[in-house]
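> Residue numbers (this note's numbering): -14 to 556.
Just so you know, the hints here were simulated from the structure itself, not pulled from any lab data.
Note that beta-carbon positions come from the ideal geometry of N, C-alpha and C, so glycine has one too.
Certain hints may be false.
[Stated by the list, open to error] Label pairs and their computed distance ranges (CB to CB):
1. Val523 to His255: 34 to 44 Å
2. Pro298 to Thr125: 20 to 30 Å
3. His478 to Pro298: 43 to 53 Å
4. Thr50 to Ala398: 35 to 45 Å
5. Asp516 to Pro65: 24 to 34 Å
6. Arg541 to Glu155: 16 to 26 Å
7. Thr141 to Ala75: 47 to 57 Å
8. Glu452 to Gly324: 38 to 48 Å
9. His478 to Leu196: 32 to 42 Å
10. Asn287 to Ala398: 22 to 32 Å
11. Lys519 to Ala75: 49 to 59 Å
[Claimed, not checked] With a straight-line cut-off of 20 Å between C-alpha atoms, the simulated PhoX-like cross-links for lysine-lysine are:
12. Lys139 to Lys29
13. Lys463 to Lys62
14. Lys266 to Lys62
15. Lys527 to Lys463
16. Lys323 to Lys234
17. Lys453 to Lys463
18. Lys432 to Lys191
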Amino acid sequence: MTTQSQWTTLDTDVLVVGGGVAGSMAAIPALEAGLQVVICEKGKVLDHCGSIGCGVDHYLTVMDTGPEWDTPEFLIKHVPELTDGIVDMAVAGRVIREMPRIFRKLEALGVDFKDKKTGTYYRLRSFGLPGTYHINFDGTDFKKHIGERVRKGKATVLMRTMVLQLLTHENRAYGALAFNFRSGEWYAIRAKAVVLAAGDVNRISKNASGLAFDSWHFPYDTGDAHAMGYRSGALLANMESVEATLTPKGFSCQGLNALVSLGAYFVNRHGERFMFKYDKKGENARRAVIADAAINEYLLGNGPVYLDCRHLPQEMLDRMEYTLQVDRYTLPAFYRQKGVNFREELVEISVSELSIRRSGVYFRGSGLAVDVNGETSVAALFAAGDCATVSGGIAGAAVLGHIAGEGTVRRVAEVRGALPPIDMEAANALRADARAALERSNGMSWKALEDETRQTVTDYVGVRRTEKGLKRALDTLKALAQRESNLKAEDLHGLMRVHEAKNIRLNAELMATASLARRETRTGSSHCRLDYPKTDDVNWRKFVIVSRGEDGPAVRTLPTDRPLADAFARD
C-alpha cells in the first residue's frame, strides 16, 4: 500500500463493492481460490451490514428431497409464468440449479435453517410459487456466519467506504475510486475483476409515514451499483419494474411473506376478503398482485384495508409474532405503542414506498444485465443480488453472488500483464468536485434533491403511469440533474449522502425512461400504464434495455426468448 498525491492506492485481484449477502458470497470463492480480495462497504461491521444485517426469517430454495416439485427443473418450468415471461431463462435456470449446492454451503458455514423445536425444516408456500420453497427460520445470525467466513479468509475490508466511480479501459473494468466518509481517506483501487453488489434502489418515493429512512427495504441501498454501472457503459434491463408491498400503516417493514404463508387474510372496510377477486391463489398470489389488489381496493372506495389474523390458531400466531421481529426487531414495539393486538383485532395496512428491485416476483430483477456467470456487458465487471437482472431475495443474492465470485476466479486467471494506469487527472477532478461540495455554504442540500426526486416519482412514476406523467417526470428529473453541481455537504457523512442522492435521482430517470418505453401493463403494480392497460405479449414480451447514450439514457429492446447476453458487445 502506498500513498501518492493524497491517494491510498491498492492493487488486488478482486474488488467487491458492497459487503451484504451477495458481496460476501462473491468474495468467498475468490478467497478459496487464493485470490486477494478487497471489499468496500458503507456499513460499520461486515457481520451485520447489508439488507439483512440484523436477521431474516425466510429463505427460498429447492432442496431435492424427493418430490417432483422440490427439483430445480420443476421450478424452472414455472418461472415464465411467475415472471409474466419477462425473464432471462438462461441466468434464472443457472441460479435455480445452483440453489441446493449453495444451500448446503450455507449450512456448512454455520447457518441453522432448522426449526429449533422440531429439528426439521419448516417450509411454507407463498407469493405464487408452485411449491413450499420458503424455509421459515430464525435467521438472526445469518449474515454473521457469512461475514465470519470472509474475515477468516483474510479479505481486506474497507468499512464506511463508498465507491464513487469505476475504472474502465476499452470496455473492461479494472478497479474503482472510493472514499472513507469517516476518515476522509481516498482510495484508488486497481483490480483484475470487480463485483457490484450494492443492493437495490430505495428512498425513491414517498411512503405513509413521510420518513424517507422508514423504508420497507434497506434505506442505505440507493442504487449505487446501478448508477456506477450505467456511467461506465454497462447495460441495464427491467428498470421499469418496481416493487411495493403491504406494511402496517405508518411503519414500513418486512413481514408480508410470513403473514401470507402462515395464513393471514386481507380484508377491506366492508370486512370482505378481497384477494380472490384478483388472483385464484388469493393471499398466496405474487407480491406485485397483492399490492395491486390493495391499490385497487382503495381506488374503488373500499379502503381502509386491513390484515386479519384472528382466525389463526394460537400456534400460528405465536410463530408469527416470533418471526416478524426477526426481520424488523422494532415491529413489536410499534404495535405496543399503537395499542394494537393483531391476535384480537384487525390491523390497518397500507402500500409501501417503491423500490427498484424484483418487481414483486422471483427470478426477475431490475438492474445490471448479467450472463450465466454474473458478468455484465462490461468485461470483468460482475453484478449480483438486487442490483442484477436475476434476483430472488436472500437466496438469489447468495446464489448469484457465489456464481459471480466463481466467475471472477476465471477472469483473474485470464489477465496477462499489468493493469492500465489510473487516470489521476480524472481521479483528482472527482476529488475536486467533492471538495467543492464540502466548501459550498450556499447550495442545495442532498435532502432537498432527494425530496424533489421522491415527490416526482410518487406523482408521475408510481404505481399508475401515463405517457404525459412520465414525460413530465423526465423533464423534472433532468432539470434536477442540472442542479447537482450546486449540492453542498456539511461534512464527510453528508458528502456520502450527496452521492447517494445523485444516484437516486439518476435511477429515477432510468426508471421513468424505461417505463415510457414499455407501452403496456405487466405484472400488477410493478408496471401499470393507464394509457396501455393491457398486457401485450405480441409486441412487448421483450426486455427493455437502458444504456448510456450521447444525450442521456438510450433504449433498445430484446425478445425474451434470447438471453440478455445476446445484447453484449464484449469478449
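> All the hints need checking, so say for each whether the structure fits it.
For each hint, the structure was consulted:
{"no.": "1", "hint": "Val523 to His255: 34 to 44 Å", "in the structure": "holds, 38 Å"}
{"no.": "2", "hint": "Pro298 to Thr125: 20 to 30 Å", "in the structure": "holds, 25 Å"}
{"no.": "3", "hint": "His478 to Pro298: 43 to 53 Å", "in the structure": "holds, 48 Å"}
{"no.": "4", "hint": "Thr50 to Ala398: 35 to 45 Å", "in the structure": "holds, 36 Å"}
{"no.": "5", "hint": "Asp516 to Pro65: 24 to 34 Å", "in the structure": "holds, 26 Å"}
{"no.": "6", "hint": "Arg541 to Glu155: 16 to 26 Å", "in the structure": "holds, 22 Å"}
{"no.": "7", "hint": "Thr141 to Ala75: 47 to 57 Å", "in the structure": "violated, 33 Å"}
{"no.": "8", "hint": "Glu452 to Gly324: 38 to 48 Å", "in the structure": "holds, 45 Å"}
{"no.": "9", "hint": "His478 to Leu196: 32 to 42 Å", "in the structure": "violated, 18 Å"}
{"no.": "10", "hint": "Asn287 to Ala398: 22 to 32 Å", "in the structure": "violated, 60 Å"}
{"no.": "11", "hint": "Lys519 to Ala75: 49 to 59 Å", "in the structure": "violated, 28 Å"}
{"no.": "12", "hint": "Lys139 to Lys29", "in the structure": "holds, 18 Å"}
{"no.": "13", "hint": "Lys463 to Lys62", "in the structure": "violated, 42 Å"}
{"no.": "14", "hint": "Lys266 to Lys62", "in the structure": "holds, 18 Å"}
{"no.": "15", "hint": "Lys527 to Lys463", "in the structure": "violated, 27 Å"}
{"no.": "16", "hint": "Lys323 to Lys234", "in the structure": "holds, 10 Å"}
{"no.": "17", "hint": "Lys453 to Lys463", "in the structure": "holds, 16 Å"}
{"no.": "18", "hint": "Lys432 to Lys191", "in the structure": "holds, 13 Å"}
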